[in-house]
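Peer 1: Single-letter residue listing:
Protein chains: 2
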Amino acid sequence: MKAWAVIMAGGSGTRFWPESRKHRAKQFLSIFGRKSLIEQTFSRIKKVIPPSRILVFTSLEKAASTAKLLRIPRSQVIGEPVGRNTAPCAAWAAALILKKDPSAVLGIFPADHFIKDEAVFAKALRVAYAQADREGMPVTLGIKPDQAHTGYGYLEMGAKKVSVRKTPVFFLKGFHEKPGLALARSYVRSGKFLWNAGIFIWRADCLLETTRRQLPAVFQAVVKIAGGGISAAAVKKLFSKVPSISIDYGLMEKLTGGILTLPVAMGWNDVGSWATLKSLLPVDRNGNFSAGNNILVESSGNIVKGSGRLIATVGLKDHVVVDTGDAVLVCPVSATESIRKIVSELQKKNMRRFL
Amino acid sequence: MKAWAVIMAGGSGTRFWPESRKHRAKQFLSIFGRKSLIEQTFSRIKKVIPPSRILVFTSLEKAASTAKLLRIPRSQVIGEPVGRNTAPCAAWAAALILKKDPSAVLGIFPADHFIKDEAVFAKALRVAYAQADREGMPVTLGIKPDQAHTGYGYLEMGAKKVSVRKTPVFFLKGFHEKPGLALARSYVRSGKFLWNAGIFIWRADCLLETTRRQLPAVFQAVVKIAGGGISAAAVKKLFSKVPSISIDYGLMEKLTGGILTLPVAMGWNDVGSWATLKSLLPVDRNGNFSAGNNILVESSGNIVKGSGRLIATVGLKDHVVVDTGDAVLVCPVSATESIRKIVSELQKKNMRRFL
Numbered sequence: 264m265k266a267w268a269v270i271m272a273g274g275s276g277t278r279f280w281p282e283s284r285k286h287r288a289k290q291f292l293s294i295f296g297r298k299s300l301i302e303q304t305f306s307r308i309k310k311v312i313p314p315s316r317i318l319v320f321t322s323l324e325k326a327a328s329t330a331k332l333l334r335i336p337r338s339q340v341i342g343e344p345v346g347r348n349t350a351p352c353a354a355w356a357a358a359l360i361l362k363k364d365p366s367a368v369l370g371i372f373p374a375d376h377f378i379k380d381e382a383v384f385a386k387a388l389r390v391a392y393a394q395a396d397r398e399g400m401p402v403t404l405g406i407k408p409d410q411a412h413t414g415y416g417y418l419e420m421g422a423k424k425v426s427v428r429k430t431p432v433f434f435l436k437g438f439h440e441k442p443g444l445a446l447a448r449s450y451v452r453s454g455k456f457l458w459n460a461g462i463f464i465w466r467a468d469c470l471l472e473t474t475r476r477q478l479p480a481v482f483q484a485v486v487k488i489a490g491g492g493i494s495a496a497a498v499k500k501l502f503s504k505v506p507s508i509s510i511d512y513g514l515m516e517k518l519t520g521g522i523l524t525l526p527v528a529m530g531w532n533d534v535g536s537w538a539t540l541k542s543l544l545p546v547d548r549n550g551n552f553s554a555g556n557n558i559l560v561e562s563s564g565n566i567v568k569g570s571g572r573l574i575a576t577v578g579l580k581d582h583v584v585v586d587t588g589d590a591v592l593v594c595p596v597s598a599t600e601s602i603r604k605i606v607s608e609l610q611k612k613n614m615r616r617f618l
Numbered sequence: 264m265k266a267w268a269v270i271m272a273g274g275s276g277t278r279f280w281p282e283s284r285k286h287r288a289k290q291f292l293s294i295f296g297r298k299s300l301i302e303q304t305f306s307r308i309k310k311v312i313p314p315s316r317i318l319v320f321t322s323l324e325k326a327a328s329t330a331k332l333l334r335i336p337r338s339q340v341i342g343e344p345v346g347r348n349t350a351p352c353a354a355w356a357a358a359l360i361l362k363k364d365p366s367a368v369l370g371i372f373p374a375d376h377f378i379k380d381e382a383v384f385a386k387a388l389r390v391a392y393a394q395a396d397r398e399g400m401p402v403t404l405g406i407k408p409d410q411a412h413t414g415y416g417y418l419e420m421g422a423k424k425v426s427v428r429k430t431p432v433f434f435l436k437g438f439h440e441k442p443g444l445a446l447a448r449s450y451v452r453s454g455k456f457l458w459n460a461g462i463f464i465w466r467a468d469c470l471l472e473t474t475r476r477q478l479p480a481v482f483q484a485v486v487k488i489a490g491g492g493i494s495a496a497a498v499k500k501l502f503s504k505v506p507s508i509s510i511d512y513g514l515m516e517k518l519t520g521g522i523l524t525l526p527v528a529m530g531w532n533d534v535g536s537w538a539t540l541k542s543l544l545p546v547d548r549n550g551n552f553s554a555g556n557n558i559l560v561e562s563s564g565n566i567v568k569g570s571g572r573l574i575a576t577v578g579l580k581d582h583v584v585v586d587t588g589d590a591v592l593v594c595p596v597s598a599t600e601s602i603r604k605i606v607s608e609l610q611k612k613n614m615r616r617f618l
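Chains as they are written, first to last, in our numbering: chain A, 264 to 618; chain B, 264 to 618.
Bound conformation, chain A alone (with noise of 0.2 Å):
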């Protein structure tokens, strides 16, 4: 078998408005003054898949400027016409792939997330696409919870199928939503829970195989694709025919062979909200993230970032703000969730140069 990757990087990031933008979004960000989150995603992989295997999936429209920051062929970047979730995406990749390796085995990885331990992520990930080729099944990678998070999706375990190099691979017991706080600490405190990062290792063939079973309309959609010879503006009418569905919803859940899962404590951190992305920016001794040309008094706990202007507070807790140049967004920290709801405001006036 030889091992691929696909990297998912088709979120559109308003919750990191106004630092995302519609064409600026979250995995492309320098957020944290370094790289961005999908140069160090492919960095990341690439030390386990050699980067002709790797492919990138994203918008149509991002496809070349993607390529171009990976510095990768244009031809490992897939554009989509538009965004269906990752399943079709996933079956697309699996077909497109199969073309040139019948034996392929498929990590997919979220181009958004971070992760802090990248020696446990490429040993949990050898073990991962050993034990997805051996024994036909997906494999998912679980983070082991440090707290009762509820927004995430969890995993539950079920018995321990297999020990390699002293990395334990579960059977997968069933795919949990975002609970309540209540459900989530009781999920924690069992220790037979992990908290699903979308990372998922299958092979191909099967992978696709699932898909025709289940979602038959997206299998012959990606395979039509897939096959070549047909415009853009027939692969944009086939793909957005498709359904819009997760790879857990439509093709996992009601899979009856089995799913394996593989838990990992590696620093992972979906970097979802500012308040999420906190946890991992350096912080003075007042608790202040503060980027650009600030001035915090008496301020604690905030995340400031400016793009030249001066940014001033005094007595200021718990807060975001961010100005782009723009735009000024201010925030409690508490309330980045809902940021998007900015978003939705700026779309009902058709305020376009902010989205």
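Rather than coming from a laboratory, the hints here were simulated on the basis of the structure. Just to be clear, a hint being listed does not mean it is correct.
[As the list claims (entries may be wrong)] With a cut-off of at most 27 Å between alpha-carbon atoms, the simulated DSSO-like pairs for lysine-lysine come out as follows:
{"no.": "1", "chain 1": "B", "residue 1": "429", "chain 2": "A", "residue 2": "580"}
{"no.": "2", "chain 1": "A", "residue 1": "604", "chain 2": "B", "residue 2": "580"}
{"no.": "3", "chain 1": "B", "residue 1": "580", "chain 2": "A", "residue 2": "580"}
{"no.": "4", "chain 1": "B", "residue 1": "363", "chain 2": "A", "residue 2": "541"}
{"no.": "5", "chain 1": "A", "residue 1": "517", "chain 2": "A", "residue 2": "455"}
{"no.": "6", "chain 1": "B", "residue 1": "379", "chain 2": "B", "residue 2": "429"}
{"no.": "7", "chain 1": "B", "residue 1": "285", "chain 2": "B", "residue 2": "298"}
{"no.": "8", "chain 1": "A", "residue 1": "612", "chain 2": "B", "residue 2": "298"}
{"no.": "9", "chain 1": "A", "residue 1": "331", "chain 2": "A", "residue 2": "362"}
{"no.": "10", "chain 1": "B", "residue 1": "611", "chain 2": "A", "residue 2": "580"}
{"no.": "11", "chain 1": "B", "residue 1": "363", "chain 2": "B", "residue 2": "487"}
{"no.": "12", "chain 1": "A", "residue 1": "441", "chain 2": "A", "residue 2": "455"}
{"no.": "13", "chain 1": "B", "residue 1": "265", "chain 2": "B", "residue 2": "487"}
{"no.": "14", "chain 1": "A", "residue 1": "441", "chain 2": "A", "residue 2": "407"}
{"no.": "15", "chain 1": "A", "residue 1": "580", "chain 2": "B", "residue 2": "612"}
{"no.": "16", "chain 1": "B", "residue 1": "265", "chain 2": "B", "residue 2": "386"}
{"no.": "17", "chain 1": "B", "residue 1": "580", "chain 2": "B", "residue 2": "541"}
{"no.": "18", "chain 1": "B", "residue 1": "580", "chain 2": "A", "residue 2": "611"}
{"no.": "19", "chain 1": "A", "residue 1": "424", "chain 2": "A", "residue 2": "436"}
{"no.": "20", "chain 1": "B", "residue 1": "379", "chain 2": "B", "residue 2": "309"}
{"no.": "21", "chain 1": "A", "residue 1": "423", "chain 2": "A", "residue 2": "441"}
{"no.": "22", "chain 1": "B", "residue 1": "363", "chain 2": "B", "residue 2": "407"}
{"no.": "23", "chain 1": "B", "residue 1": "265", "chain 2": "A", "residue 2": "580"}
{"no.": "24", "chain 1": "A", "residue 1": "285", "chain 2": "A", "residue 2": "541"}
Remember, predicted model here, so these are calculated numbers, not experimental data.
Please build the complex by placing chain B on the supplied structure of chain A, with the hints as guidance.
Peer 2: Relative to chain A, chain B alone:
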């Protein structure tokens, strides 16, 4: 007698930073989206005193622009080479006016306060000028308090002296500094205390004679300056040497001949901070004042003032956000009294263009 007025417009206005700056003090701002406070003050007084008998004292740098703004001759605007609080300024005004009008009665008015009921103000003023002329005593306008405010000085009323056209005039028993909350409450409960709004009416000759007795250095300087025929440099040298002291402290507190006070309820507001200003601004049904290109989602009790750029908030409660193009201020409404600390920081860091 002839009634004269002096508008004191020397304030530096750090409390409304970044809207107010060293050369753009509070009294010159159009914070209401209407006329500036100094224009409002001038037009309010003009209804009682002819414009040709209204002098304006401000800093030397602002004198020309002030004359232009108020459309009065440059000779009616006196530029102070340095700020020396209100007593030296009042004595200078008295010395100048006495040269033209030995029987002048002089009203002294801060330039940067808001008064809602101008008719009440005008009526009180006429009584005050007449009393000041007849008795030779200074008359202060005292604001009937509607809350136990700890940010103002208080005037304690003594016995009633007279009622003129249903307007009672009292002897002043004493000046009291800004009280603590408990003391402020007892002041207001007693019904015998008024807010000191810094408005005084006094015969020019009595004012200058009191200066001669109590602040002889000030007297000598202002008589020499008002005498004319000396250079701007000499004026600066003379005025720089006088002590910086207020009318209340320097001239009135030790006055043995008596002071009168006239209680008024005229919708007075000292516009001392963004928090104070808030009560004067039109707000939406969520209690937000919003000026500019703003989107406020699930936000309440805020002052949001932009200057073209988009400001977006979500879940923001009781904060001030002011964007002046070169600088952005964010603070809780309750912290606006501390904005001067930001200005101090800017001074320390020598960031002059923001001062």
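Peer 1: It remains to establish, for every hint, whether it holds in the given structure.
Peer 2: Hints, one by one, checked against the model:
1. Proposed proximity of residue 429(B) and residue 580(A) is contradicted: the alpha carbons are some 52 Å apart, above 27 Å.
2. For the proposed pair residue 604(A) and residue 580(B), the alpha carbon gap of about 16 Å is at most 27 Å, so the pair holds.
3. Distance restraint check for residue 580(B) and residue 580(A): the Cα-Cα separation of roughly 12 Å lies within the 27 Å cut-off, and the hinted pair is therefore satisfied.
4. Note on residue 363(B) and residue 541(A): the hinted pairing is violated, with a Cα-Cα distance of about 68 Å set against a maximum of 27 Å.
5. Annotation: proposed proximity of residue 517(A) to residue 455(A) holds, straight-line Cα distance about 21 Å (limit 27 Å).
6. For a cut-off of 27 Å, the pair hint linking residue 379(B) to residue 429(B) stands: about 21 Å separates their Cα positions.
7. A distance of roughly 20 Å separates the Cα atoms of residue 285(B) and residue 298(B); the hinted pair therefore holds under the 27 Å criterion.
8. Distance restraint check for residue 612(A) and residue 298(B): the Cα-Cα separation of roughly 31 Å exceeds the 27 Å cut-off, and the hinted pair is therefore not satisfied.
9. Of the pairs offered as hints, the one joining residue 331(A) and residue 362(A) holds, with about 25 Å between alpha carbons and a cut-off of 27 Å not exceeded.
10. Distance hint between residue 611(B) and residue 580(A) is fulfilled; the C-alpha atoms sit about 23 Å from each other, no more than 27 Å.
11. Taking the CA atoms of residue 363(B) and residue 487(B), the gap is about 16 Å. The hint holds against a cut of 27 Å.
12. This hinted pair checks out: residue 441(A) and residue 455(A) have alpha carbons roughly 16 Å apart, not beyond 27 Å.
13. This hinted pair checks out: residue 265(B) and residue 487(B) have alpha carbons roughly 24 Å apart, not beyond 27 Å.
14. At most 27 Å may separate the alpha-carbon atoms for a hinted pair to count; residue 441(A) and residue 407(A) meet this at roughly 15 Å.
15. A threshold of 27 Å between alpha carbons decides the hint, and for residue 580(A) with residue 612(B) the separation of about 23 Å falls inside it, so the pair holds.
16. Between residue 265(B) and residue 386(B), the direct Cα distance comes to roughly 17 Å. Compliance with the 27 Å bound is thereby established for this hinted pair.
17. Distance check on the hinted pair: residue 580(B) and residue 541(B) sit about 14 Å apart at the alpha-carbon level, within 27 Å; holds.
18. Taking the CA atoms of residue 580(B) and residue 611(A), the gap is about 23 Å. The hint holds against a cut of 27 Å.
19. A threshold of 27 Å between alpha carbons decides the hint, and for residue 424(A) with residue 436(A) the separation of about 12 Å falls inside it, so the pair holds.
20. Of the pairs offered as hints, the one joining residue 379(B) and residue 309(B) holds, with about 16 Å between alpha carbons and a cut-off of 27 Å not exceeded.
21. For the hint pairing residue 423(A) with residue 441(A), the CA-to-CA distance comes to about 24 Å; that is within 27 Å, so the pair holds.
22. Of the pairs offered as hints, the one joining residue 363(B) and residue 407(B) is violated, with about 35 Å between alpha carbons and a cut-off of 27 Å exceeded.
23. In summary, the hint linking residue 265(B) to residue 580(A) is not supported, as the alpha carbons are separated by about 55 Å, beyond the 27 Å threshold.
24. The hinted pair formed by residue 285(A) and residue 541(A) meets the criterion: a straight-line CA distance of about 22 Å does not exceed 27 Å.
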